[in-house]
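Visitor: Sequence:
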Amino acid sequence: MDQQKIDALFTVASKLKANQIAFSLGGSGLLYALGLTETVNDWDIMTNANKNAVTQALFPIKAFEEGQTGDHLFTSSYKLFVEKNGQEVEIIGGFALRSEAGICHIPADAAFHWQGIPVGSPEAWLVAYVLMGREKKAAMLESYLQMHGANPAMLERLKQQPLGDKLKAIKWFA
Numbered sequence: 086m087d088q089q090k091i092d093a094l095f096t097v098a099s100k101l102k103a104n105q106i107a108f109s110l111g112g113s114g115l116l117y118a119l120g121l122t123e124t125v126n127d128w129d130i131m132t133n134a135n136k137n138a139v140t141q142a143l144f145p146i147k148a149f150e151e152g153q154t155g156d157h158l159f160t161s162s163y164k165l166f167v168e169k170n171g172q173e174v175e176i177i178g179g180f181a182l183r184s185e186a187g188i189c190h191i192p193a194d195a196a197f198h199w200q201g202i203p204v205g206s207p208e209a210w211l212v213a214y215v216l217m218g219r220e221k222k223a224a225m226l227e228s229y230l231q232m233h234g235a236n237p238a239m240l241e242r243l244k245q246q247p248l249g250d251k252l253k254a255i256k257w258f259a
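If you read the sequence shown in our numbering, its first letter stands for residue 86, the second for the next number, and so on.
These aren't lab readings, by the way, just hints derived from the structure by calculation.
Glycine included, every Cβ here is placed at the ideal spot set by N, Cα and C.
Check each hint, because a few of them may be wrong.
To be verified - Across the chosen pairs, the derived CB separations fall in these ranges:
1. Glu173 x Asn135: 29 to 37 Å
2. Phe159 x Asn236: 23 to 31 Å
3. Arg183 x Asp92: 31 to 39 Å
4. His198 x Glu173: 18 to 26 Å
5. Phe197 x Glu123: 17 to 25 Å
6. Phe144 x Ser228: 36 to 44 Å
7. Arg242 x Lys221: 24 to 32 Å
8. Lys102 x Ala254: 24 to 32 Å
9. Leu158 x Lys244: 19 to 27 Å
10. Asn126 x Glu150: 13 to 21 Å
11. Lys256 x Glu173: 31 to 39 Å
12. Gly218 x Ala259: 15 to 23 Å
13. Ala254 x Gly201: 35 to 43 Å
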């Protein structure tokens, strides 16, 4: 991976760590860290910290907030964007998606570390990708979990969410 692309992630991560804000890498960054893809379009960071704490931690870096998109699938608390050297980092506060059964909160807990960066749960991102309709990415994570096993505690935690029929059809959430 081009060092410039990863520098944006390291810059944001170092600011959050220095301010003791818990976070984890998700999205295509998680897939990259697992060795499931060779490209990262942008870096997705999830946190449960409030927006003011995150923007203060990032100072003097300017974080831009996403305006209303009209998309009712995403019900996260907020989404901030940081751009450095043409690479974008999205910071998603209180990551949540709508399923047909209700609002599904996606845990921001780290499952492992990659290059010093806490990385989110493959199980949680399987849920997210299914709810977003990103079947190819969901299939990659499902195959990964078949090969490497799933975290039973995370599966139980996710089963407490209103997953809906699409997810309950998957062996991990049945």
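Visitor: Each of the hints needs a verdict: does it hold here or not?
Guide: Tested hints:
Roughly 22 Å separates the CB atoms of Glu173 and Asn135, a value that falls outside the hinted 29 to 37 Å. The hinted window of 23 to 31 Å between Phe159 and Asn236 holds, with their beta carbons roughly 25 Å apart. Against the hinted window of 31 to 39 Å, the Cβ-Cβ separation of Arg183 and Asp92 comes to about 34 Å, which satisfies the hint. The hinted range of 18 to 26 Å is satisfied by His198 and Glu173, whose Cβ atoms lie roughly 22 Å apart.
Restraint check, Phe197 to Glu123: a C-beta distance of roughly 19 Å satisfies the suggested window 17 to 25 Å. Between Phe144 and Ser228 the beta carbons are some 41 Å apart, a value that agrees with the proposed interval 36 to 44 Å. A beta carbon spacing of about 25 Å between Arg242 and Lys221 agrees with the range 24 to 32 Å that was offered as a hint. Look at Lys102 against Ala254: about 38 Å separates their beta carbons, and that is not inside 24 to 32 Å.
Between Leu158 and Lys244, the C-beta spacing of about 21 Å keeps the proposed range 19 to 27 Å intact. Evaluation of the 13 to 21 Å hint for Asn126 and Glu150 yields a pass: the beta carbon distance comes to about 20 Å. Taken as a hint, the range 31 to 39 Å holds for the pair Lys256 and Glu173, whose Cβ atoms sit roughly 34 Å apart. Remark: the range hint 15 to 23 Å for Gly218 to Ala259 is upheld by a beta-carbon distance near 20 Å.
A hinted range of 35 to 43 Å for the beta carbons of Ala254 and Gly201 is consistent with their spacing of about 37 Å.
Violation of the numbered hints given earlier is confined to hints 1 and 8; the remaining hints are satisfied by the structure.
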